[in-house]
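Asker: One-letter residues, chain by chain:
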Amino acid sequence: MFVRNLGSKGKWMKASFDKINRSDAFLSGDVISDLRTRDNKLSVWEVEGEEDKESIKSIIVTLALGRDRINKVEYVLIDEQNLLDIAIGTENEPGGSEVMIDQDVLNKHKNLTDIDYWRLGFLAQHIAELVDKNKGQTIKKSELKLFIRELYDQGKLDLTKVNKKMKESLNDELGLQLVIEE
Amino acid sequence: MSNHTSTIIGTAQLVENTIFPRSAHSFNLSGTTLQFRQNISSDKLNNSTSTDDINARNLKFTHELHKREKGFISLLLHSYFEDGLSNEAIDWIDNVAKGNEYATALWLHSLFSQYQKDKQVIYRLLRILAFVKLPNTWRTFIVTVRGFLNDRDVEVQEAALMVFEEYRTIECANAIEETVFTSPWMKMYAEELALDIKQELITNVC
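Sequence lines, in order, name chains P and F.
Per this note's numbering, residue 6 is the first one in the first sequence, and the count goes up by one each step.
Per this note's numbering, residue 59 is the first one in the second sequence, and the count goes up by one each step.
The set of hints was computed from the structure by calculation and includes no laboratory data.
Since no wrong hints were added, every one of them can be taken at face value.
Straight-line distance between alpha carbons at most 27 Å, and here's what the computed BS3-like set of lysine-lysine pairs gives:
{"id": "1", "chain 1": "P", "residue 1": "K58", "chain 2": "F", "residue 2": "K245"}
{"id": "2", "chain 1": "F", "residue 1": "K191", "chain 2": "P", "residue 2": "K172"}
{"id": "3", "chain 1": "F", "residue 1": "K256", "chain 2": "P", "residue 2": "K58"}
{"id": "4", "chain 1": "F", "residue 1": "K156", "chain 2": "P", "residue 2": "K169"}
{"id": "5", "chain 1": "P", "residue 1": "K172", "chain 2": "F", "residue 2": "K156"}
{"id": "6", "chain 1": "P", "residue 1": "K169", "chain 2": "F", "residue 2": "K191"}
{"id": "7", "chain 1": "F", "residue 1": "K245", "chain 2": "P", "residue 2": "K140"}
{"id": "8", "chain 1": "P", "residue 1": "K62", "chain 2": "F", "residue 2": "K256"}
{"id": "9", "chain 1": "P", "residue 1": "K138", "chain 2": "F", "residue 2": "K245"}
{"id": "10", "chain 1": "F", "residue 1": "K156", "chain 2": "P", "residue 2": "K150"}
{"id": "11", "chain 1": "P", "residue 1": "K138", "chain 2": "F", "residue 2": "K177"}
Let the sequences and hints guide you as you build the complete structure.
Answerer: Below, the structure is given as structure tokens:
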């Protein structure tokens, strides 16, 4: 299975499609902004399944620390078979985060490859269905703080590598004393 | 103090006690370079702690913000909001709030009031509230945010929940519990959040 984070789950929910002034509104155009491709590839992380909690935790922390502030993280778990059904392949590309020290975690990063216009649409539809069936996951800010603290204490994170805004957030929220360069 | 000044300051029930920073920020908004320090401050006003001067300073700052309102709304509507990520609109508000938090809060209140029916603006303003630290004025937004928690628009509701996830007071937890959420995901997230806040408050008391 693959973890794909979402920018914000609200816009993936069916109720948000009501804002489209069409009788045949299907999927909000805004959701596509959560699926930004690069070189026609989409970043995902591989896990054994929903029960692979430790891997998911490490991946979520890696994703969260690449942002500007500690905030909830939302993601879906995409079954590989659903990707194969629409002929989407994967390639290995270790995660580029300098914050996560554990290479095993970084090695879980993959790319969905050769994403074209139709496949991006199918993927968006599939994710919207997962969210609609309440299969999207939310890691609350308070949970995320615990996860970060746990991995930091285990020596798996180099928090000196996060950006300045995130350092401010970590100092503020976790009581750390990271040096902030002016 | 002029009547005009006291009326405006009194409307938002804000009491200013900060001094405009000596190294004021300059920023661009819709092609206009804003040099707040030049536009707003003078040595006399900056150094004075008298109520009249503080109010005059707030009024001047608020006036400058109102002048940039159109540009800001345009920037706001063109900014992409993603959980945990900053953007130009957030950075802009963060900068002006560091210059004068009370005047900025007053102005934000006026934007909430003016644009209350424009969900695109409201959703984005709430996202900003959930991101920018307003250490002296955040409590003044609780009633406003509570109102938007009941909004039918899921994105507005989600953004309001995110603000309360930051504020984490008992009023926030109670308001979340009293709100009816139609979406199963939002309902679950809200229930967990309210419980989380209450547990945290109990732990802090103990």
